[in-house]
Amino acid sequence: MKQYFKNYFRNFDYGLLFVYILLMLFGLVMIYSSSIWVSIIQYDANPNFYYNRQLVNIILALILFTVAVITPYKRLSSKSILGLLLAVMFILELWLLIAGNSVNGSRSWISLFGIMNFQPSEFAKLFIIIFFAGTFYRKSVNRGSMQLLTFDDVSYPLGMWLFIVLVVGFETDLGALVIIVAIALVVVITSGLRGKTLGRIFGLLSGLGAVGMIGILIFKWDTVFNASRRGRITSFLDPFSDPLNSGYHVVNGYYAIGAGGLEGRGLGQSIQKLGYVPEPQTDFIMAIIAEELGIFGVSIVILGLGFIVMRGYYIAMSTKDPLARMLAAGISTWIGLQTFINLGGLSGLIPLTGVTLPFISYGGTSILLLSVAMGILINVSTHHKLEKRK
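Residue numbers (our numbering): 1 to 390.
Incorrect hints may have been included.
[Claimed, not checked] Cross-link-like lysine-lysine pairs, in silico, DSS-like; alpha carbons within 27 Å at most:
(1) 320 / 388
(2) 388 / 6
(3) 196 / 139
(4) 385 / 74
(5) 196 / 320
(6) 390 / 2
(7) 196 / 388
(8) 139 / 385
(9) 139 / 74
(10) 320 / 390
(11) 390 / 196
(12) 320 / 79
(13) 6 / 390
(14) 139 / 2
(15) 320 / 74
Think of the hints as simulated: they come from the structure by calculation, not from any bench.
Input sequences plus hints: build the corresponding full structure.
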């Protein structure tokens, strides 16, 4: 065991570790800067309110990260872990359906015994990656090759995925829905299944997806296309046509970005965080970073997240282990797509969906589960290096 850990940490991916820690600490500083006014004026709380809570979240996240780092990723395919994750996922989704809380028009939160609010859709992103990758890998070991798997072999995880998609769809959490669908598709594509099986999977998913969307539109029309969401679409097309209502979020985000310029106003000197930019510590934190730190602060975030995503895809493309490939590709897609949706909504490239910026935005559920994902990714990367040395 001693020799194992010696070799493990000799080949440890310290680059990913450094960027992960840097982004979390940078995010913590910006959460403090962006949330002071919100804490005092809106919630009549201590100015350190969000900072202190995020600091606790980061400490818990580092504990989970450490567990994920030192646990060999192969164990994620064990029957006991997959069964535990499946049970937790079912409990969370049923809990959400029975006693879910609505936040900003999306019924996607549950209260964990009054201690903290938890978003099951965030857990679903990590669950889909591990459950798909682990189940496919176990089946391939039994069959002898991933190429020998049939459609019947993979129908079980696909059924679970469909259940999650329907629940998240009826929550009307559209940002999470897009990410969950994309993650599943990427894991399936990188699994190594033969073309005929992939064709049947995509045919089934397309048909079920169409039926599901029709059902959501029929039963949730008023919620999906309420005034707020219609406003997001029109503001995406032309935010300045209604800058005080539907375009308010995007326009004030533009003001913050434009005011920052190249050098920024200086840390703590943002004006837009004083009641103009909504949710400055969560969805719109990048606008405050741009206003206070200019292109320097924006570059730290984009380059850091870009490094994680590209490093993950490199691992996925270079490893011969199908489990490692699916895990790395799924995690990279999660982080990359969530970053694009957040920054795309802020910049007006796509409609706003209320998705947090990975490792930067305030949020306990997000930082905890993304930290577990980072631990798995570093674990995969380190074992990949060990295999290359052998």
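How the hints compare with the structure:
no.	hint	in the structure
1	320 / 388	holds, 10 Å
2	388 / 6	holds, 16 Å
3	196 / 139	holds, 17 Å
4	385 / 74	holds, 15 Å
5	196 / 320	holds, 22 Å
6	390 / 2	holds, 18 Å
7	196 / 388	violated, 32 Å
8	139 / 385	holds, 26 Å
9	139 / 74	holds, 14 Å
10	320 / 390	holds, 14 Å
11	390 / 196	violated, 35 Å
12	320 / 79	holds, 22 Å
13	6 / 390	holds, 15 Å
14	139 / 2	violated, 32 Å
15	320 / 74	holds, 14 Å
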